[in-house]
Amino acid sequence: MRKKFKRDINSLTEIFIFLDEFVAHHKLDESISFVLQLAVEEIFTNMVKYDVQNPSDIDISLAQDADQVVIELFNPDAESFDIHQAKEYDPSLPLNKREPGGVGIHLVKKFINKIEYDYKDGISKITLIKYLEKPHV
Amino acid sequence: MFEIKVNEAGDMLLSGRFDASQVGYANQFFDKVITSTVVDFKELDYISSAGLSVLLVTQKRLSEKNQQLKLMNMNRHIQDVFRYAGFDKIFVIA
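So the sequence lines, in the order shown, correspond to chains E and A.
So for the first sequence, my numbering puts the first residue at -13; every next one is plus one.
So for the second sequence, my numbering puts the first residue at 434; every next one is plus one.
Okay, chain E solo, but in the shape it has when bound:
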C-alpha cells in the first residue's frame, strides 16, 4: 500500500486511517498497530516540522512479508537528514533538566527493529522495519 499525504500535522487523521486499513488487511495485532502508529507519526511530524515551507507531499509505503513489516517514508525536495545522526536523547535526566522535544526519534529507535536512511535525487527516504513475532508452537 502506498499513499501521498499533505505535509501538514492535520494529515495524521488520514494517516491513522491508512494504517488501520493496513493492520486490518494483514490481521496484525494491537501491539504492532501501536508501534506502526507511533513510528509513522514521529517520522512524519519530523518531516513536517523541519521542512514546513516544502510544498511537496510525503509518501508513505507499507508492506508485510512473512516475518516483518516494512514502512517507507519518502520526503521529496528535502535536505538530507540521516535519522542516525539525530542528537542522542537522555531518558535519565531529572525533571528540571528536561526540555520538550527530542524524544520522538528515541522512541522510534526503541520500538522499531531496524532503521535505514537513504538520500538520492533530493528524496530523503527513511525505512523502518518491525519484526513480527512468530507464534509459539
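No wet-lab data here; the hints were simulated from the structure.
Hints are not guaranteed to be accurate.
Just some of the chain E residues that point at chain A, by a computed CB distance under 8 Å [what the hints assert, rightly or not]: (1) L(-2); (2) E27; (3) S78.
Some chain A residues judged to face chain E by a derived CB distance under 8 Å, without partners named [stated by the list, open to error]: (4) D452; (5) S454; (6) S481; (7) V490; (8) K493; (9) Y517; (10) G519.
Even glycine gets a Cβ: it sits at the ideal position worked out from N, Cα and C.
Following the hints, put chain A in place on chain E, whose structure we already have.
Coordinates of chain A only, in the frame set by chain E:
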C-alpha cells in the same frame, strides 16, 4: 478522536488518541492546571512524543509550586512509551 473530560473532583479523563494534531486542544485543558491533579488514562489508546511534551511542560510548571500530575490506568503500550522515554521517573504513575 481524542477527548479530555474533567470530573467534579477536577480529575482529567483522557480518551482516544493523543497525537501531534491534538496538542492545541490538550493545552486548553493542561494550561489551566495549577494544583496537583489526577490524569486518568483508562480510555486513552495511544500517546506520541507530542502528548508527552504537553505532560512534561505541565509537570515542570507544577513542580515549581511543589505540585504534580498523578497519572493512572495506563495501558501496557503507553507504559512502554513512558518507560522508554524515562517519564516513569519524573511522574507519579499508579
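Here is how each hint holds up against the structure:
{"no.": "1", "hint": "L(-2)", "in the structure": "holds (5 Å)"}
{"no.": "2", "hint": "E27", "in the structure": "holds (5 Å)"}
{"no.": "3", "hint": "S78", "in the structure": "holds (6 Å)"}
{"no.": "4", "hint": "D452", "in the structure": "holds (5 Å)"}
{"no.": "5", "hint": "S454", "in the structure": "holds (5 Å)"}
{"no.": "6", "hint": "S481", "in the structure": "holds (5 Å)"}
{"no.": "7", "hint": "V490", "in the structure": "holds (6 Å)"}
{"no.": "8", "hint": "K493", "in the structure": "holds (6 Å)"}
{"no.": "9", "hint": "Y517", "in the structure": "holds (4 Å)"}
{"no.": "10", "hint": "G519", "in the structure": "holds (3 Å)"}
Hint compliance for this structure: every hint is met.
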